[in-house]
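Let's have the full structure, built from the sequences with the hints guiding it.
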Amino acid sequence: MTNEELKSLISGVLPSATYEEGTEWLTLNMEPTEWPEVAKKLRSDEQLFFDYLFCLTCVDWKTHLTMVYHLSSTKHRQTIVVKSKLDRNKPEIETVSNIWRTAEFHEREVYEMFGVSFLNHPDLRLLILPDGWEGKNPLRKDFEDPVNMIKL
Amino acid sequence: MWSLSHITNEIHEWLSSTFNPTWTLIFEMVLAGVAVIGLFAVLGLVLVIMERKVSAWMQIRLGPNRVGPKGILQSTADTIKLMVKEGMTPSGADKFLFNLAPFIAMIVAMLLMAPLAFAKDFQLWDLNIGVLFVSAISSLSVISILMAGWASNNKYSLLGAMRSGAQIVSYELSAGLSVLSIVVLAGSLSVSDIINSQADGWWIFKGHIPAIIAFITFIIAVTAETNRAPFDLAEAESELTAGFHTEYSGMKFALFFLAEYVNVFIVCAIGATLFLGGWMPLHIGSWDGFNHAMDYIPSSIWFFGKTFFLIFLIMWFRWTFPRLRIDQLLNLEWKYLLPISMINLLLITAMAILKWHF
Amino acid sequence: MKFIVKYIKDIWGAITSLLKGMRRTLYYFTHHKEIITQQYPDNRDTLNLPERFKGEVVMPHDENNEHRCTGCQACELACPNGTIKVIFKNEINAEGKKKKAIDKLVYHLELCTMCNLCIEACPSDAIKMAQTFEHSVFDRNQLTKILNNPGSKIMEGVE
Amino acid sequence: MYRQTDIIEDNRDTAQGNFVINVGPQHPATHGVLHLVITLNGETIQKIEPHLGYIHRSIEKMCESLSYRQFIYVTSRMDYLSAHINNHACSLCVEKGLQVEIPPRAQVIRVLMDELTRIASHELWWGAMAMDLGAFTPFFHAFRERETINDIMEETCGARLTMNYMVPGGVMHDIHPNFQKRVKDFMQLYKKKINEYDELVTGNVIFQNRMKGVGVISAEDAVSYGCTGPVARGSGVSSDIRKIYPYEIYDKLEFDEVLETGGDSFARYMVRIREMQQSIRIVEQLIDNIPEGDFMTKTKAVLKLPKGEFYSRVETARGELGVYIVSEGATTPYRIKFRSPGFSNLSILDKMVRGGKIGDLIAAMGTLDLVIPDIDR
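Protein chains in written order, with the working numbering: chain A, -11 to 140; chain B, 2 to 359; chain C, 60 to 218; chain D, 2 to 378.
Calculated directly from the structure, the hints in this document are not laboratory data.
Glycine is no exception: its CB is placed at the ideal position from the N, C-alpha and C atoms.
Keep in mind that a hint or two might mislead.
[As the list claims (entries may be wrong)] Chain D stretches covered by chain B per the calculated footprint, using a threshold of three residues with CB under 8 angstroms from any CB of chain B:
#1 28 to 34
#2 102 to 114
#3 120 to 134
#4 208 to 217
#5 350 to 360
[What the hints assert, rightly or not] Simulated restraints on C-beta separations:
#6 Lys73(A) with Glu148(D): 50 to 56 angstroms
#7 Leu141(B) with Leu85(C): 32 to 38 angstroms
#8 His174(D) with Leu107(A): 50 to 56 angstroms
#9 Leu170(C) with His52(A): 54 to 60 angstroms
#10 Met84(B) with Pro110(A): 52 to 58 angstroms
#11 Gly34(B) with Trp71(C): 44 to 50 angstroms
#12 His174(D) with Arg67(B): 37 to 43 angstroms
[What the hints assert, rightly or not] No farther apart than 25 angstroms at their CA atoms in a straight line, the calculated lysine-lysine pairs in the DSS-like style are these:
#13 Lys182(D) with Lys79(C)
#14 Lys(-5)(A) with Lys308(D)
#15 Lys212(C) with Lys144(C)
#16 Lys193(D) with Lys92(C)
#17 Lys62(D) with Lys71(A)
#18 Lys96(B) with Lys86(B)
#19 Lys156(B) with Lys97(D)
#20 Lys358(D) with Lys156(B)
#21 Lys129(A) with Lys192(D)
#22 Lys299(D) with Lys187(C)
#23 Lys305(D) with Lys50(A)
#24 Lys62(D) with Lys308(D)
#25 Lys(-5)(A) with Lys97(D)
#26 Lys163(C) with Lys336(B)
#27 Lys129(A) with Lys78(A)
#28 Lys213(D) with Lys336(B)
#29 Lys73(A) with Lys50(A)
#30 Lys61(C) with Lys336(B)
#31 Lys97(D) with Lys71(A)
#32 Lys308(D) with Lys71(A)
#33 Lys28(A) with Lys62(D)
#34 Lys78(A) with Lys62(D)
#35 Lys336(B) with Lys68(C)
#36 Lys129(A) with Lys50(A)
#37 Lys308(D) with Lys50(A)
#38 Lys194(D) with Lys92(C)
#39 Lys48(D) with Lys156(B)
#40 Lys79(C) with Lys193(D)
Structure below.
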């Protein structure tokens, strides 16, 4: 399925979606508040059937954070990317671990690396960082660790 | 003909002529004790190096080859290392039981040596219930494992010990039943009588297929009873790190290790005695010439040859098979080995009554 | 009856499968030619490492104690770990002109990951990978090496 | 800000007669520094909780300060058993950004190396799996074959484990003159030895009983938990990136995607065993048909990716590896994300062994083929 066909299909299901141009895969932008609804529709619609979340990550743009979800369908073999801008000071987004179970671990990783809190996540605590880590998020651009990071 | 019994007789005569009977008895007991401890140590060293070589060759490796010629002193070096190592006791452990457990393991293994006939007329104690004695004492080894596992104050150890308890108690049954089948055939519980009953052929040949089945059951059961792979669930390296002896180090660990190997030796010696005629050379019915030729090989060589063959068999199992799971282990005993050995015992009893064996 | 047949079949299948495995291990037990152990420190003389093996970075010198390094710093830039540092000195060449040349090419073996990027980057083939691999020393400072020999200079015609 | 450890939960568990044991960070069965907190009731597993991060090196953060040529070597240290394939994924992603075509010779060499790496990785897994179940001998037998592959790699790439051989634009060196002959020799040896694997492990009744019906994953769960590679294919989920989204020359090659429907440990075991044979098939097709020509395209000395986002997916020995590069047009990536197969596969561990015995945990965890640096990155 080409991106254009996919775009028209998604527009039918999600009329409010906005798209990014010039990307390899169709890229959707949406508000964090709409995300749980959108996710449910993407997963359950028979034509779309995005049942495989193969990548979940976050990018720190210094002014805001962007959540990036890469979704694919094992039935129709199409791929889309969903992005959502978050406020950098109070990043919050609904969890999708009830829809795609793999998100549980990936969201925990993003939680500690970027400090994004996932609402209604069943088990949101540190996965990789040691216990007692103080509120610094290693993958944010302003993170400094004078001991372990050696600038060349 | 030169034999071990000559040496013992000469020592006995010399002692009797020099001392009064009480002192003779005391000296002989001390000699026997020293001999058992010596054999214990030598067996440990020999079996460890043997296991390491067998495993190495099966695993396309060379094995130990640095200490001594062809590496035969490797286990001696290891023992010295273990002896100078600190014997730690974990702080939360029950210190008395923790330190007692390895000694119980060793004492049990030593006691088991008493009724073994190492060569013709060369036996520490020819008691008339020899086989029963062995079965009774060998079940005591589970106490040392349970004690070690519980006293270590370690969950891994405890799990290993509990597994071992279930395992040894169940496998005791089929080991006992297969021993019983030979007792039925030989008509005696005494080790020397059982060996003498095989003067015209070993029971494994005389007893037709039921004896072979009994032999296989026996080997499986004793492998399980001595906690050897594929039944090493008490240790289960990849599951419980080291099972019941996780917290042991130094000489206390060495005693467990030694007891394991001596136990293997003893059960193999029992197996050799019951099924392969002990020190009895290979005799076939009434072929006198052949039987006579076989007698020229010393009886101690026959005994150790057979025992080491069985030990090799058990080592062979260990380095070939994966480990069973705990429920499969109990299934194997209760669903397969036990019914089979019960039916087998019936067959053998019928055979013994009807004199169908050779 | 069916149950008993299945029971016996199960046992038979199990025993044959186990015997197959035992036959295989017995084969190796008796065939010592299959042993693949390499007795490492003993076979050091016969050990052949392939010529591409990445052991450590060295700078070859010819018989006149001359190397090919121009000091272009390409290796220093290519290195992801800061393993190589080039230290310059000013040299006066035959025509009496001042010329920039390397004083020391410092190589930190302890930082090197043998990624080969410096060798690829070098435009004048001044450095290459050596096939040594026994790098352990008692003092970490000995791992910091100076690649150019003392008193060495750049080869004629290398720019 | 963060919710702290689970000591409180542990107390609750013990009150119910359960007890908690720590498997790892140093444990013979975890093959690395994986730490599992297991709640047990007797021998039955109630709950498994992985604690990660013991060797987290923050490769993603490191890569943000390395140039596009330099960051590739770091990825060898993620899944060190398929180092070539990791390098391949990164090179693919950078090439996608630069829009360079790599010469056919380089493509063939890359695929050959990938498949040899896959065999070597599965080989090691096979030995380690048997060792987890208590059979030590297969481990050494597996290493015999693996060593041959490592020798071949050493000759061509100059290293045995972390090769850094695939670079943006092609491969670093041409293949060694001996390469073809040695690969053919290896295949001869391998075909002779593959029957031994069946005799020693696959056909063994103890082994089969340990593996069958253990750690069952349904197809829906496999997709939902993001399982890829042999873990998903053992449950009948077609997930081979080489087939679905072919890269390099995989679309021109003849090979089958190995699928098993059992979903248990034995199915995953069989997938890997059969996958080794498919890899041999691919190597056979290519080894005599390496096209002549360059092994590297000329690229600029300093690589600059245009502004944008690039994602490449490859099939490593463990599953799908995704490399996601966000570029701001500079010489270093702005953000890089490695979607590692082990991380997603690990998340299903709790689901698949809950209610099993400790022995089941080992058998199931072994078939996930976890490489801890890949999970921790």
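Holds or violated: Lys73(A) to Lys50(A), with C-alpha atoms at most 25 angstroms apart: Satisfied, since the Cα-Cα distance of roughly 12 angstroms is no more than 25 angstroms.
Pair hint Lys62(D) and Lys71(A), alpha-carbon separation not exceeding 25 angstroms: With Cα atoms ~21 angstroms apart, Lys62(D) and Lys71(A) stay inside 25 angstroms; holds.
Hinted pair Lys212(C) and Lys144(C), Cα distance within 25 angstroms: Cα-Cα ~17 angstroms, so holds.
Distance restraint between Lys358(D) and Lys156(B), which requires alpha-carbon spacing of 25 angstroms or less: Given pair Lys358(D), Lys156(B) holds - Cα atoms ~15 angstroms apart, limit 25 angstroms.
8 angstroms C-beta test of the region 28 to 34 of chain D against chain B, three or more residues: holds (count 3)
Straight-line alpha-carbon gap Lys97(D) to Lys71(A), limit 25 angstroms: Roughly 21 angstroms between the alpha carbons, so the hint for Lys97(D) and Lys71(A) holds.
25 angstroms limit on alpha-carbon distance, applied to hinted pair Lys194(D) and Lys92(C): holds (15 angstroms)
Consistency of beta-carbon spacing, Pro110(A) to Met84(B), with hint 52 to 58 angstroms: holds (54 angstroms)
Given hint Lys79(C) paired with Lys182(D) - CA-CA distance at most 25 angstroms: violated (33 angstroms)
Pairwise hint evaluation, Lys336(B) against Lys61(C), where the allowed Cα distance is 25 angstroms at most: Roughly 17 angstroms between the alpha carbons, so the hint for Lys61(C) and Lys336(B) holds.
Restraint check for Lys163(C) with Lys336(B), where alpha carbons must lie at most 25 angstroms apart: violated (78 angstroms)
8 angstroms C-beta test of the region 120 to 134 of chain D against chain B, three or more residues: Since three or more residues must qualify, the claim that chain B covers the region 120 to 134 of chain D holds, with 4 doing so at under 8 angstroms.
Violation of the numbered hints given earlier is confined to hints 2, 9, 13, 19, 21, 26 and 33; the remaining hints are satisfied by the structure.
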